[in-house]
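Protein chains: 2
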Amino acid sequence: MLLPNCRGVFGLLLSLLLASTPVLAIWPAPSSISTGESTLWIGSGLSVTYNGKILPWTFGYEPKGSKFSSSEIVKGGVARAMKSIVQTNFVPWMLYNRMELETTEPSLLKYKTYITHLDITQSGTDTSKTFKPLAGEVDESYTLNVDKSGKASIKAVSSTGVLRALESFSQLFFQHSKGPFFYTKSAPVSITDKPEYDHRGVLFDVSRSFFPVDSILRTIDAMAYNKMNRIHIHATDSQSWPLEIPALPELHQKGAYAQGKSYSPADLAKIQQYAINRGIQPIIEIDTPGHFGIAALSHPEIVAGWDSAPWSAYCAEPPCGQIRLNEPRVDPFLDKLMNDILPRVSPYSAYFHTGGDEVNFNMYNLDPTVGTNDSAVIVPLLQKFIDKHHARVRKAGLVPMVWEEIPADYNVTIGKDVVIQSWLGDEAIASLTAKGHKVISSNYNYWYLDCGRGQWLNFGQAEFDTFYPFPDWCSPYKNWRLIYSYNPRANLTAEQAKLVLGGELAAWSESIDDATIDDILWPRASAAGEVLWSSPEGRTQLEASTRLAEFRERLIARGIKSGTVHMPYCTQGSNSTACQYL
Amino acid sequence: MLLPNCRGVFGLLLSLLLASTPVLAIWPAPSSISTGESTLWIGSGLSVTYNGKILPWTFGYEPKGSKFSSSEIVKGGVARAMKSIVQTNFVPWMLYNRMELETTEPSLLKYKTYITHLDITQSGTDTSKTFKPLAGEVDESYTLNVDKSGKASIKAVSSTGVLRALESFSQLFFQHSKGPFFYTKSAPVSITDKPEYDHRGVLFDVSRSFFPVDSILRTIDAMAYNKMNRIHIHATDSQSWPLEIPALPELHQKGAYAQGKSYSPADLAKIQQYAINRGIQPIIEIDTPGHFGIAALSHPEIVAGWDSAPWSAYCAEPPCGQIRLNEPRVDPFLDKLMNDILPRVSPYSAYFHTGGDEVNFNMYNLDPTVGTNDSAVIVPLLQKFIDKHHARVRKAGLVPMVWEEIPADYNVTIGKDVVIQSWLGDEAIASLTAKGHKVISSNYNYWYLDCGRGQWLNFGQAEFDTFYPFPDWCSPYKNWRLIYSYNPRANLTAEQAKLVLGGELAAWSESIDDATIDDILWPRASAAGEVLWSSPEGRTQLEASTRLAEFRERLIARGIKSGTVHMPYCTQGSNSTACQYL
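First to last, the sequence lines map onto chains A and B.
Quick note on the numbering used here: the first sequence kicks off at 6 and runs consecutively.
Quick note on the numbering used here: the second sequence kicks off at 6 and runs consecutively.
Pulled out of the complex, with its shape left as it was, chain A reads as follows (with noise of 0.2 Å):
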C-alpha cells in the first residue's frame, strides 16, 4: 500500500484497511512511505556497510571526544538502533485485536527471511558546519528501502540523515511474544523522508530544578527517537545557578542549590557531545538581563533588586533579580562570564540564547544606576547592553539567539542574524517575520508543557477566594491533541512563513524534575515533533493517534516513562477508530 506525502484523504481509509494488524507506525510520519505484507526477520548479527566498506558496530557503542567523525556517529547510530531493534522492543499485544496477538504474529516454526545486511551510502560528505549547523546548513533528508529478500538500504546526504533513518529502520520491527525474535510483517518498506522545519526542539530548564545528566541524556535519546534537533538548556535563572563557569566559580558555588547540584565543563562537554551525536544540537542560554536574580548571592554588584518584596511588583516570579543597566562593573564581569562560557559552546553549536525575557522595568526603579522605570531611560540602555552582550557572541563565532521581548516589546534593535524566540503566539510571529526577523515559535498557547497543572505558588487566606481554584496563568493543560492542531506558519505569507525556522516545545521547571519530566515531555512532545518534521498536508488528529499511541510504545519500551496516547482499548487493532467522539 501507499502512503503518499498527501495522506489526508486516505488517512481513515488506511486506519480500516491497517486495522486488524499493527500499522506500520513511523513517527513522526515520513513523506512517502510504501510497505508490503512479506515478514522479515532480524538479529544482532546484522552486517551493516558504510560507503561500502564493513562498519564494525557493537551495542552499547557511544563515540568519544569532541572531534566528530562520520563513521563514528553512523557507528553509534547504528549500535542505538540495534539495540532499540533487539534489547528495548516490545511485543504489540495493545496493537493487536483483542486476545489475537499469538494467533496472528507471524509463525517462529516456518522458514524465516533475516535481514542480513543494512548497506548504508552518504552521498555528500560532512563539513564541520553538519556537526553545528544553522538552520538549513545540513540535509537531513534519506531513503530507507528494505525488499522482500531482506536486503535493506539507506542513502543519505549527511550522517544526520543517516541516523533519522535509522530511527525509522529501528521502528519496523516488534518483538514476538514467544522470545527474543524480531520481525517486520511490513516489507517491502521504501520511505523517501526529509524533515519539514529545520529547528525542531525541546527547551529545558535545568535552572528551576536541578536536573542529573543523566535526565538530560535519557530527554537527548527520546528526542533522536522524535528525528528532532536542537535541545535549548536554560541553564540558570534567577532560583539557582547550576553552571558552572571555571572563572567565576563563585556562582555556582553559591548559586547552585546545593553542593553536587552543578554541571562541571566535563559534565556540560558530555551532554553537548552526546547530543551531536544523536544529530542533536545543543543550545545553551544564559538568560539576560533579566532571570539573573541569583547572581547577587555572588556578585550584588551587577544585580538590581535582588529578592525585592513583593515580587509581584518587580518580577514574574520568585525571587526578583536583574542586570543593573547602567553600572561599569557589568561589562567585566559578562565578558569574563563569556569568554569562559562561549569557548566551551562554540565547539558544538551555532548558536548561543542570550534569554531576553521577562525584564521589568519597575525594577528598575530598584537599580540604583537607572532609578526609573522610564522606558525613555531603560530602552537605549537596553539597546547598548544588547549590542555590546551579541558582539560577544558574534565575536566567538556563534549566532545571538532572543526571547522575542527584546525587540517586539522593548524596540530594541537586533541584528538581521539574530534567531528571535517567539512565546507570546501568532500575532508576535506575524509581527517578526513581517520585519525580516528569522524565529522560532514556542506559542505557549500550544507548546508551554509545564502549564495547565495549576499553580505552583502557595495562597494565603488573603488571596486564598481571589485565585481559587488555582489554575496557573497558561492554563488549559496542553493535550497531545492540540499540540498537534499548531501550525507555526499559519497565515503567514510564503514570505514570512519561511523565516519560521521551527519551534520548540518549552518545559519550565518551577513544577517539573526528574521524577516526572518524561511524563511531561512525552508523549506531548513527540506530538509537536510531528508537526515540526512532517509535512502538514493531510496530517490529521484520527490517523495520527493510531501510530503515536504505537510509537509511545516505542519509547516505553526504551525506558522513558512516557503518558498515554490511549487506553489499550483504543490502540487494539480494530478498535483504531473506536476512540472518536461520535
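A portion of the hints provided could be inaccurate.
Treat identical chains as interchangeable: a pair holds within one or across any two.
Said to hold, decoys possible - Restricting the straight-line Cα-Cα distance to at most 20 Å, the calculated cross-link-like pairs of lysine to aspartate or glutamate (DMTMM-like) are:
(1) Lys443 / Asp362
(2) Lys266 / Glu107
(3) Lys259 / Glu105
(4) Lys503 / Asp431
(5) Lys259 / Glu107
(6) Lys393 / Asp362
The hints are simulated quantities; they were obtained by calculation from the structure and are not laboratory data.
None of these values were measured; they are calculated from a predicted model.
Add chain B to chain A, keeping to what the hints say.
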C-alpha cells in the same frame, strides 16, 4: 515547641521559626506534636519489643497467608519503617538553606546518642474485625514518644494504630550527606494522633488500562505512607475484564486485553493480603448493571447494546454495554459470578462494591428484554436487580457499596447498611445524608485525579471545531491546593457530617497506566490523605506546602515517582514562605 491541634494561628509563625532547618514534617499532620532540638541517631540495630516481648524483625519481612496475626503485622510494619529509615531515606539538601546542608546537619564527629530501643504496647486485642473493619470498627489512634536519651515508645489500641505510629516514626529521620547515618534533630518528640475520617481511599481502575500486580502493590505502599486505609479496585468495566473468575473463565479469556493481562485468584489474594498487612482494606468493585459491556464477548445473552453506535447515544464512553434488565439468564450468571468472587473477597474485606454509575436508560431501548427508555418501566426492574444483587453481597457477610446514581438519580431504594460513593458534589452529599445514608465522597470537582489533561477521545474534522481545544469533561486539572481545599463535610449538620465516612481519590485509567500512575496519584492523593486524616482546624495551604514538599521527597526516596510540590527554591530553608503569592 508545641504544634497543637489548633495549628492555624501558629502555622505561619512556626514556618518562620523552623525556617533554617528541615521542619519535622509528619504527613499527614498528627493531632498534636511537640518536638525539641536535640539530635538522635538511629541504625539497623534497633531492638523492638511488642507488648514486652522482643520482636525479632528483619529487613524485607512480609507476613504470609490469609490468617492475620497482630505480631506478624507489627513485625512487617517495623521491617518497612526501618527500611524507610536506613535503606530508602534521603539527604534533605532541598530543605536546608542553600549550600548550608553540610554546615548545619549534625556532626558525625561528636558523640552520638542512638535510639536503641523501640517499645510497642498495644492496649487492645485485635479481632477479625481489625483486619476487615466496617468504618469505625478499628481504633487507629496512637501515641509516639522519643525521649532525649533515645528511648522510643509507641502505644496504640490496635495493630493498625501501631502501623500508623511506625509510619510517623519513619518520618522523623533523615540521611546524612556523608554516608549511611540517620538522624533526627527534633528530639524529644511526642505525638498523639488519630484519624478524622474512617474511610480514606484511592480508587484504582485496573480495567481501562491493565496494571501489573507490582504497580498495585507499590500504590498500596504509597497509600500506607499517607495513612490511607482503603484501596478500591475498580476491577472490571466495559473496556476489559482482567479479573479471573474460575467459575466463568471465559470472562477473562475473552475479555482481558491480552493473554497474561489478568489477575489470577493468587494475584488477587496477594494484593488483598499485602494491603491488609499495611492496614489497608481492599474493596473490590464489579460494576453493574452499566459499565459491563465486555462480558458480551463471552456472554452476549446477558448484555444489552454491546458496542452500539453511535456510542454517545447509549453510554458515557465506548464501548457501550449494560446488563439486560429483564433477562432470565442474568440471575444464574450473577449467582455464579458472585459465588465465585465473594468468598474470595469476604476473608479480606467488609465491603463489596456493586457499582451502579452511569446506567443509561436509552440503552434499554436496545435491550430486547426491556425495549424502552421509559423510567416507569426501568426503575422497578432496576430495583429488583439491586435488591437481588445486594442480597447476594449480604449473604456473603459483606456490606454493599454503590455509586450514588442508584439511590439519587434512579430513585432505587437501597438498604441503610449500604455505603454510597458520591462523585457529583456537595449537593448530592447533602441530599443523601439528609436521607440518612452513609456516604463517601469522590467529588469530581476536587478529587478526580485523571481530570484536566484534555480529552482522551479523538476528534474528526466534523467535531474538531466544536471540541477544540479538547478539554475533558472535568477540567481543570486538580492541583494539590484545590484537592487540599476540599472539605467533604462542608455545610452539613453534625448529624449529616457523621454519615460522611470519608472519601476516595479517583484515578480512572482511560489515560493512565503503570508508566505514569505515580505522577497522577502523588503528591495529590497525599493532599487528600491529610484532609481525611487530620483535623480541619487550622490547616492552611501555606503550612501544608512545606510539609508536603518534604513528604514528597520521602516518597521519591521510597521509589514512588511523585510529582513535585515545589521547585527546590521554594523548599529550601528560609524560602519556605518565599513562594507565596504576594
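Hints and how they fare:
1. For a Cα distance limit of 20 Å, the shortest separation of lysine 443 from aspartate 362 inside one copy, 17 Å, qualifies, whereas the shortest one across copies, 55 Å, does not.
2. Proximity of lysine 266 and glutamate 107 under a CA criterion of 20 Å is satisfied inter-copy only: 14 Å between copies versus 49 Å inside one chain copy.
3. Only between protomers do lysine 259 and glutamate 105 lie at most 20 Å apart by alpha-carbon distance; the minimum there is 10 Å, versus 60 Å within a single protomer.
4. Taking identical chains as interchangeable, the C-alpha atoms of lysine 503 and aspartate 431 lie at most 20 Å apart only when both belong to the same chain, with a minimum of 15 Å there against 54 Å between chains.
5. In this assembly of identical chains, lysine 259 and glutamate 107 lie within 20 Å of each other by CA distance solely across copies; the values are 13 Å between and 59 Å within a copy.
6. Only within a single protomer do lysine 393 and aspartate 362 lie at most 20 Å apart by alpha-carbon distance; the minimum there is 17 Å, versus 66 Å between protomers.
Comparing the model with each earlier hint shows no violations; every hint is respected.
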